[in-house]
Amino acid sequence: MIAESMYQELILEHYKHPQGRGLRDPYDSEVHHVNPTCGDEITMRVKLGDGGKVEDVSYDGQGCSISQAAASVLYELATGSTVEDSLAVVEEFTRLMQSRGQVEADEDVLGDAVAFAGVAKFPARVKCALLAWMAYKDAVVRSTE
Amino acid sequence: METGFDVERIRKDFPALSRELPGGRPLVYLDSANSSQKPTQVIETMREHFTTHYANVGRAMHVLGAESTEAYEGARDKVAAFVGAPSRDEIVFTKNASEALNLVAYAFGNPAGDDPRFRIGPGDEVVISEMEHHSNIVPWQLLAQRTGVTLRWFSVTDEGRLDLSNLDELVTERTKIVSIAHQSNVLGTVNPVDRVVARAREVGALTMLDASQSVPHRPVDVTELGVDFLAFTGHKAVGPSGIGVLWARGELLEAMPPFLGGGEMIEAVWMDHSTYAPAPHKFEAGTPPIVEAIGLGAALDYLSAVGLDAVAQHERELTGYALEALREIEGLRVIGPENLDERGGVVSFTLEGIHPHDVGQILDDNFGVAVRVGHHCARPLHLRFGIPATTRASFYLYNTPAEIDALVRGLHHVRKVFA
Numbered sequence: 001m002i003a004e005s006m007y008q009e010l011i012l013e014h015y016k017h018p019q020g021r022g023l024r025d026p027y028d029s030e031v032h033h034v035n036p037t038c039g040d041e042i043t044m045r046v047k048l049g050d051g052g053k054v055e056d057v058s059y060d061g062q063g064c065s066i067s068q069a070a071a072s073v074l075y076e077l078a079t080g081s082t083v084e085d086s087l088a089v090v091e092e093f094t095r096l097m098q099s100r101g102q103v104e105a106d107e108d109v110l111g112d113a114v115a116f117a118g119v120a121k122f123p124a125r126v127k128c129a130l131l132a133w134m135a136y137k138d139a140v141v142r143s144t145e
Numbered sequence: 001m002e003t004g005f006d007v008e009r010i011r012k013d014f015p016a017l018s019r020e021l022p023g024g025r026p027l028v029y030l031d032s033a034n035s036s037q038k039p040t041q042v043i044e045t046m047r048e049h050f051t052t053h054y055a056n057v058g059r060a061m062h063v064l065g066a067e068s069t070e071a072y073e074g075a076r077d078k079v080a081a082f083v084g085a086p087s088r089d090e091i092v093f094t095k096n097a098s099e100a101l102n103l104v105a106y107a108f109g110n111p112a113g114d115d116p117r118f119r120i121g122p123g124d125e126v127v128i129s130e131m132e133h134h135s136n137i138v139p140w141q142l143l144a145q146r147t148g149v150t151l152r153w154f155s156v157t158d159e160g161r162l163d164l165s166n167l168d169e170l171v172t173e174r175t176k177i178v179s180i181a182h183q184s185n186v187l188g189t190v191n192p193v194d195r196v197v198a199r200a201r202e203v204g205a206l207t208m209l210d211a212s213q214s215v216p217h218r219p220v221d222v223t224e225l226g227v228d229f230l231a232f233t234g235h236k237a238v239g240p241s242g243i244g245v246l247w248a249r250g251e252l253l254e255a256m257p258p259f260l261g262g263g264e265m266i267e268a269v270w271m272d273h274s275t276y277a278p279a280p281h282k283f284e285a286g287t288p289p290i291v292e293a294i295g296l297g298a299a300l301d302y303l304s305a306v307g308l309d310a311v312a313q314h315e316r317e318l319t320g321y322a323l324e325a326l327r328e329i330e331g332l333r334v335i336g337p338e339n340l341d342e343r344g345g346v347v348s349f350t351l352e353g354i355h356p357h358d359v360g361q362i363l364d365d366n367f368g369v370a371v372r373v374g375h376h377c378a379r380p381l382h383l384r385f386g387i388p389a390t391t392r393a394s395f396y397l398y399n400t401p402a403e404i405d406a407l408v409r410g411l412h413h414v415r416k417v418f419a
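The listed protein sequences correspond, in order, to chains A and B.
According to this note's numbering, the first sequence is numbered sequentially starting from 1.
According to this note's numbering, the second sequence is numbered sequentially starting from 1.
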């Protein structure tokens, strides 16, 4: 029963009670990402402030528990953080997801996102977990252009 | 089940069905509309051909070449008989149903052909439906881009039936071809081909059926259907992947230009032009999937021996059982007809508040139940129902009511995890 371990309590909690969901104004950039293999999609807005501060990350979308929970966790980690720090988390999260379960997750960097470690063992679901995170990275790049 | 049909004996023919999944779970395979499992008879026929008779077909002047050609062409005879084709020369081997559909689409508006029925351009129309698999949508969109023909389509009713209320407005003198699914791979709906064909004939349009979901499951006779083209694929009919079939009326195959150029499809070649072999070889450029075709022949022999009527009856009972059993699950909505009228053994559904990917993952991991989740290559149909994806259970001759019970148990558990 490997999948049960993928559906960590924290993931289910975020899925059932998503944090920061809904698109908000003002924003610097908006992106729309889809996962063509399963039809999951997300629209994400980013508002940056002075000193590289991430003032708000707002999003809306549809998809499985993994993709929706990942967006919710991302919101919590990125909002109030800085561009630099949040992108470091994205970097570590991506590394973890692409590891096929072979690397130890760095909880100090990832915080709650460490709950997704089990997803890495399911190659078909890695894209679900990464959808919001890749959208965020894209939105940040566009905001700073 | 009162079908005179022994499902336990049939299951013994399919080695994969008795394998164990990791953790010692038994396999409950409810994904045959995606691809079916293979019986020993098919596996052994292909092994035997590779082991003893293999050589290229149609051109090798030696014993193995003759044996291989005989087996390959023998498979063509079997396919022709299986679908009631008036002539074996009307059976074109392709790599799958998609290639068969593309082959026909490429015959239209092709400067290499001169038959007026295939001349196409702005002002002409092609009619498909909203319930099509992408393989019966995209080839026609590409044709529209190449030629300027207008693409039109039947809509689908809330019940999941083809909406023929505007049949006469959709299929008109402007229509060159109507191409629809015989049976929907998502809804299970079996379409009223006779009405569509009658109207198409009235206006002089050609008709094509994507029969990928019907030929493996029920008796299909091209002459009775009265269509002009029919496509299906081997791997959904207990045969191997890599082999598909286009049936077309012989006179149309003669009128159509070649699709792919290459070896074996020619009569004579000069540096500046060529003449072509008669159909079906005109459409089979290059070395074909030889052993796959032979495997398909064995698969159709297998299905014929069981009897397509018995297969259809068995699936009908399973589908009735499943529709009834699924009713007890709270928040479950069947996408497609909820009765057995003109319906095959495919049941797609949504579970309120739970994404199909999560449903599929739990079913597979906890219960060994293999279903398909997603849009099943029919995205426009899902858009029509306002949903991104469904979970689909599909049944075949080797499935049992106990497997449907396992699906239902699994779905109750899914609800517990995500409620």
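Bear in mind the hints are in silico, worked out from the structure with no lab data behind them.
Keep in mind it's a predicted model, so treat the numbers as computed, not measured.
Just so you know, not all the hints are guaranteed correct.
What the hints assert, rightly or not - PhoX-like, lysine-lysine: derived pairs with alpha carbons at most 25 Å apart: (1) A:K121 <-> A:K137; (2) B:K95 <-> B:K78; (3) A:K127 <-> A:K16; (4) B:K416 <-> A:K16; (5) B:K416 <-> A:K121; (6) A:K47 <-> A:K137.
Comparing the hints with the structure gives:
no., hint, in the structure
1, A:K121 <-> A:K137, "holds, 23 Å"
2, B:K95 <-> B:K78, "holds, 17 Å"
3, A:K127 <-> A:K16, "holds, 20 Å"
4, B:K416 <-> A:K16, "holds, 13 Å"
5, B:K416 <-> A:K121, "holds, 23 Å"
6, A:K47 <-> A:K137, "holds, 13 Å"
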